[in-house]
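Asker: This is what each chain is made of:
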Amino acid sequence: MVIQPAPIKEMTSRQRVLAALRREPVDRTPVCNPTSVATVELMDLVDAPFPHANRDPAAMARLAATSYTELGFDSVMPVFSIVQESSALGCSMQWEQKDNWPTVRMNEPIWKDLDDIRIPNDFLTHPDMVCVLDAIRLLRKELGDDVAIIGKTMGPWTLGYHCFGVEPFLLMSLDDPGRTMACLERMKEATVQFGLAQIDAGVDALTVPDHATGDLVSGEYYKRFLMDMHSEFVETIPVPLILHICGRTVDRMDYIARTGMAAFHFDSKNEPAESMEIVSDRISLIGNINNPETLFSKNPEDVRKEVIANLEAGVPLIGPECAIPLQTRIENLMEIPKTVRQWHNEHVHVH
Amino acid sequence: MAELSDIGNEFIRQEIEEYLERPEEIERNIELFARVRPAMQAIAAALIEGEDGEVDRLTKLALADGIEALEIMDDGLIAGMGIVGIKFREAMIFVPEVLACARAMKAGMKYIEPILSDSGVEPIAKVLMGTVKGDLHDIGKNLCIMMLRGSGFEVVDLGVDTSEDEFIDAIEEHKATILGMSALLTTTMPNMGKTIEALIDADVRDDVFVMVGGAPVTQEFADDMGADGYGKDALSCVSLAKKLAAQTA
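First to last, the sequence lines map onto chains A and B. Take the first sequence: its letter number 310 is residue 1182 in this note's numbering, and every next letter is one higher. Take the second sequence: its letter number 67 is residue 68 in this note's numbering, and every next letter is one higher.
Among the hints, erroneous ones may be present.
Unchecked claim - The calculated lysine-lysine pairs, modelled on DSS-like cross-linking and capped at a C-alpha distance of 27 Å, are:
hint	chain 1	residue 1	chain 2	residue 2
1	B	111	A	970
2	B	111	A	984
3	A	1141	B	233
4	A	1210	A	1141
5	A	984	B	107
6	B	107	A	1177
7	B	195	A	1095
8	A	1170	B	233
These are computed hints drawn from the structure, not numbers from a lab.
Just chain A, with the same shape it has in the complex (with noise of 0.2 Å):
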């Protein structure tokens, strides 16, 4: 920890991100979600409503805009779902309405085992995988360099859930594992595919999605499985890599700041402070106020407790824990950076 004799002078949000995530010095902790702030009011508000916004490149762009534009978060994330993916590797997709998510049919598999698993040739020029390079594309031409634009690759763990389905796969693990590491070997290609993709798109960072989450399965489990794949990954994938496991995961946070990613997005499950202890200064974290009892349950002044509680533990990015409940009011939101920024006018800058 080290503390600054001198204010930094003011960075642009993009600037502010970016140091986090290298663990320098800031000017007042960014804010930032790495999975997801559409909620149906922005929606609304630019007329980019789901299924739509998840589909077309120009609506993404424009919901995706809202965080920094309406809520003053220092990111925006245009991939709002988690299924992208997934539609082009051929999974069967509900892409439901307005008010709910798109989500993988994962009880029609389309994989049963290791010589099923295909990257197509086509992958990225899928529609749904064309559509985010191109909102990503618009976001910067929009938005120049003034704030940061965070993509999101799924990782081989969750395609694994998606294409195989979860139970077929988790009883796979258990089964046979070292079959289970080679269908991660071969669904990972796709991970590094979309994430490089991106990046030529225009990211400054990448979030990977990867659910090995204690609520399914032991953290010796992701220091079996991911642990070494995600390391693999910050060597080939070129821009700070933000993991996002939901749930407990005190357990597997020790295995997860060796892997050398730039941060950690962990869920409100987990005590920010026991949390910043396990990682110390080896891995950002990212979060982790709650989403379903907080932010989409109770108040501003509910949400500005968590928010200081997590500026007080030294978490150095602040955001929601999760991709955050569609009907979320805007008001909660905005409770964060607002918070972020009286808090930081009142202390002395500590990074």
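Got chain A sorted already, so can you dock chain B onto it with the hints?
Answerer: Chain B alone, transformed into the frame defined by chain A:
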């Protein structure tokens, strides 16, 4: 009062010693396993280890030896799942292991169910389980179903994305005691309340107890919606179901 040393199966003794911490659970399981015959302890041990092939073999052997199907289910399969549920609740095992144990349970139950059905033995109660409209996530629901079946309930799985009408039709068709609804998303959670209202409008609300669960669901939300109970995890779901079923006994 039975003691740990009264349990002949070494694996079961170790499971109780190593994984059970609550005094009432330790006492209950020692009493149970000290009472049941060695063949049942062996079935329970194989189930806890997720050895579906072994459970299959031992169940057939027990039936061939003249042991009653109900005893095999209660003292072997359900007894084993009881330990599995505790270990899962305490995060000593995780979903892959539970899935393997559920597979082992199923391996035994495929011989037991037809016998019990033919002899008119009733389950504890019948439960309908479904994920609400718009929600395709079912791992939580499926874990609850495994635990419910593993505890002696009959469960009708309505699947995912279940509409209000589908829930109502299922209540009318199956004459279940309990309706369980799950949701993983805050966007679909409100459909639990809408379903309960639909049950009232269809005049079937009083025909079932309604229990709810899922990651974003809370006790407060369940109460506001008019549910009869909330289960925060699979084991709580079973406890709640037993409590609700007892109200109709």
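Asker: Please flag the earlier hints that this structure goes against, numbers listed from lowest up.
Answerer: 1, 6, 7
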